[in-house]
Amino acid sequence: MSDGSENSVARNEADGPDTPEEQHPPPRRRGLRRLLPSWRAVLGTLTCVLLLGLGAVFAGYLLVDIPSANASAVAQGNVYLYSDGSQLARTGTYNRENVRLDQVSLEAQHAVLAAEDRDFYTEAAIDPGALVRAAWNTVTGKGRQGGSTITQQYVKNYYLGQEQTVARKVQELFIAVKLDRRETKDEILEGYLNTSYFGRRSYGIQAAAHAYYGKDAAELTTAEGAYLASLLQQPSAYDVVANPQNKDKAVARWNYALDGMVKEGWLEQSEREAMEFPEPRRNRASSSMSGQRGYLVEAVNAYMFEHGILDEQTLESGGFRITTTIDRKKNEALVETVEDVLLDKLDPKARKVDSYVRAGAASVDPATGKVVAMYGGRDFTEQYVNNATRHDYQVGSTFKPFVLAAAVHNGSTTQDGRPITPNTVYDGTNKRPVQPGGYVTENQDNRSYGNITVTEAANKSVNTVFAQMGQDVGPDKVVDTAVALGLPEDTPDLAPVSSVPLGVAGASVTDMAGAYAALANHGERTETWMVQKVTRGDEELDLPEHEPRQAVSRKAADTTTSVLRSVVSGAGGTGAAAQALGRPAAGKTGTAEEDTAAWFAGYTPQLATVVSIMGQDPDGSHKSLYGATGLARINGGGYPAQIWAGYMTEALRGEPVEDFDLDVVSRRPSRE
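Under our numbering, residues 1 to 672 are what the sequence shown spells out, in order.
A portion of the hints provided could be inaccurate.
[Unchecked claim] With a straight-line cut-off of 30 Å between C-alpha atoms, the simulated BS3-like cross-links for lysine-lysine are:
1. K352 <-> K185
2. K329 <-> K352
3. K249 <-> K352
4. K460 <-> K215
5. K431 <-> K623
6. K460 <-> K345
7. K215 <-> K263
For the record, the hints were derived by calculation from the structure and aren't laboratory data.
With the sequences and hints as input, model every part of the structure.
See the structure below:
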């Protein structure tokens, strides 16, 4: 009997191995093959890497938030404009002014897209293919290539920075994807145009449009827009004015942008073929505070602070566009006239007193109260004090018209009861004591005039007559009238005392111009103002109303004007030099004590202007003007009246000649 276990073993052996591996065991890996991983290991590793990579991308997307804008991206200067919209000055470290996309010409928008990212409106936030090509070109020595979309460039400009690191680039990609989901393409393009650097210290296309072509971005032509677009690649190198040796490269980039516009259907081929390269203007000096700019900006800022339009801290935050009342042509005419009439005659090396000479002037529209021109000094960077707004020099006899206006407005009479009119006779004897009170003043050069009419006393600027008239009216009423016409209540030395009629007060040139403007406007005064519009982005700030009010009666103002006309055109009038204007004018000369300042204040029906020449040494002390420009003395009828006439001639050129329409009090003789 056979053993069953043996049979079982025999069957198993006969059946052979249970698996193929047992039948054909794999060959053993020999040599270098032992060091290489199997395909299973490679596949497994790649799968793990891919999963980890996808996880990292997903985690990065979740963890990287869109940050706040970096400080430099939102920093803007404040832009100050003349009344015609042309640029007066720009303040701030960054020459940037943000604009809406609809404030950039469509031609310029298309040019930028053609140069930088033609598929912007249809592509995703990032372009992987472009990134790979850029990396390959850089590695193979074809130069650093840009693989960023406009969205990525905007993220770099606005949220991050310009540093070239892997971490920054990765962060840029995540932010770009998120931003593309949150903002529209128009919003991203607008941000890109406002944050890109175009050279010449210009951040944003609006600043660039002014820097290269002197216009707003809305006015850019196709050719100009294409040149600005070409600057985005190499801003400084492609500035054909600063680097003419690179013009061929800049023009090639310009052509690339234009050809791209044709390809995308944004430009007709015929128009493209006829297009000429738009030469940019020369790079002007930065919009600093030199020349008159600093004085004008300072005066405008002071006006805004005083009237609560803006406070200083808010203004410093930047981004404001401030349209002033300053007329560019009139202001240029004022500056040129001061230089021609006065400054060109100064020789500080030959005469020390010439180094003391300062000038200030302001011009006001009587109908509106707008300050249309202002001269603050030779150069704001050399002297920070604005001679047109300072109030530390006596106005002298230019104050006397306010005394006459007060007399007529209040129906005042002399001590013996005679109504005060232009023909009222006063005693013009030198050092005649004022009654009552006994106040004594001197006439210029200690001259006595005897009995003289008010008109004659104004012509010759007789102090003793106006001192007595001021007492007849009442010093308090004289002060009230001056304030009503426009002098601030806190004007230095504007007090109801016997000397106030002689101009001991220290009103500014601008304040005096406003007061004379009220006289020119028949006694109706509109407060002087310097700001027409203030905006930041889409926001427009509220500005004060400028409602006229009757400061003094029309008869008072017009009677004063009739007398001041005689100062200019009458026999022996101290303002005779103003006749050079060649049209009806009224005015008054003035001199401060010790001849530290000489004034001329005058007006036509259309414009009131006040000019003052002052003496000041470098430490700020007042100095007499004796001997300046080689003359024995400078008085209001000299350089101030000449500057006034020269400026007014240019400022009113082309304007109709208007005569004064006056309603005056009776001029019948009235003698003591």
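- prompt: Hey, K249 versus K352, does the alpha-carbon distance stay inside 30 Å?
  reply: Outside the cut-off at roughly 55 Å; violated.
- prompt: Going straight from one Cα to the other, do K460 and K215 come out at no more than 30 Å?
  reply: Answer violated: K460 to K215 is near 51 Å, above 30 Å.
- prompt: Does the alpha-carbon distance linking K329 and K352 stay inside the 30 Å limit?
  reply: violated (33 Å)
message: K215 and K263 were given as a pair; does the straight-line alpha-carbon distance stay at or below 30 Å?
response: holds (28 Å)
task: Would you check the hint for K352 and K185, treating anything up to 30 Å between C-alpha atoms as holding?
output: violated (66 Å)
message: Given the hinted pair K431 and K623, is their Cα-Cα distance within 30 Å?
response: Holds, at about 26 Å.
message: For K460 and K345, compute the direct alpha-carbon distance and say whether it is at most 30 Å.
response: holds (27 Å)
Hints 1, 2, 3 and 4, counting from the list given before, are not met by this structure.
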